[in-house]
Amino acid sequence: MSEEVGPQADLEELTYRADERRVSFIVDEEIYPRDAIYGAAYLFVDRCYLFLGRPSDRQIEVRLKPKSAGEVTDATLDALAGEFANELLNQVVRQRVGDATRDIREYYMARAFFGEESRSSIDALLAELDAEELEEDELEVSVPWDSPAEDGAGG
Amino acid sequence: MAETINFSTSIYRNDAVQAAAQAYGHLAKIRIEADEGNVVLHIEDIDERVSDRLVDALCNHALYETVARTRAEDRT
Chain A
1 MSEEVGPQAD LEELTYRADE RRVSFIVDEE IYPRDAIYGA AYLFVDRCYL
51 FLGRPSDRQI EVRLKPKSAG EVTDATLDAL AGEFANELLN QVVRQRVGDA
101 TRDIREYYMA RAFFGEESRS SIDALLAELD AEELEEDELE VSVPWDSPAE
151 DGAGG
Chain B
156 MAETINFSTS IYRNDAVQAA AQAYGHLAKI RIEADEGNVV LHIEDIDERV
206 SDRLVDALCN HALYETVART RAEDRT
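One line per chain: the protein sequences are A and B, in this order.
For the first sequence, the tail end lands on 155 under my numbering, and the numbers increase by one without skipping.
For the second sequence, the tail end lands on 231 under my numbering, and the numbers increase by one without skipping.
The set of hints was computed from the structure by calculation and includes no laboratory data.
The reader is advised that the hints may include incorrect statements.
[Said to hold, decoys possible] Some chain A residues flagged as far from chain B (calculated, every beta-carbon gap over 10 Å): (1) S68; (2) T73; (3) A131.
[As the list claims (entries may be wrong)] Stretches of chain A that chain B covers, calculated by requiring three or more beta carbons in the stretch to come under 8 Å of a beta carbon on chain B: (4) 36-42; (5) 52-66.
[Claimed, not checked] Pair by pair, the computed Cβ-Cβ distance ranges are: (6) A100/A x A227/B: 21 to 27 Å; (7) D207/B x V97/A: 38 to 44 Å; (8) G70/A x S165/B: 33 to 39 Å; (9) F113/A x D202/B: 49 to 55 Å; (10) G70/A x E158/B: 22 to 28 Å; (11) T15/A x R208/B: 26 to 32 Å.
No experiment lies behind these values; they were computed from the predicted model shown.
Here a beta-carbon is modelled for each residue, glycine too, at the ideal position from N, C-alpha and C.
The whole structure should be built from the sequences, with the hints applied where relevant.
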């Protein structure tokens, strides 16, 4: 995450720059689609001031500045950048899972609302209820002996 | 103090930036210009009470509007 070059410097990382109150980093749209960046940004709008810049094609610069009036330390900015990066990843995964399961979701929704099978099962349940009621009272007329005595009379 | 903000139209929606400018128009003098690939806001005469955060808040507003409007459009 940080700018320091470590033993795994050859791995692509999300490097960031931090000044007194702001942290910024470049996000590659090939890895993190714009919708994922929007999704993460949307979740941070209440905590941070955000600005998205376009340094070059397929790259978006994310600038984050905490809204809190208190002291902003390097650790705060470091944590903020890390949280945002995690949320970016989360958004990408959500999108991919959403895309991968779209067809099956639509299928189940359509089947639940319009499928013949679901309608017949509801009809069967209703018929079952009717049958039970009919077994108890063929006429389905309320009779006084079924209701509790109100005046204390009776045998 | 005057400020200039460049909103890339490949990220921010034009109508979202305009909505943000309109929302904060009572706190500063805001002029909108369309540059190639950018919507540029020139901000002057910022109300002293909010001068430390108006630009940041306006940028947030533009981003929020962009995301909200894009999502609303995707749903229809």
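Does the structure break any of the earlier hints, and which numbers would those be? none
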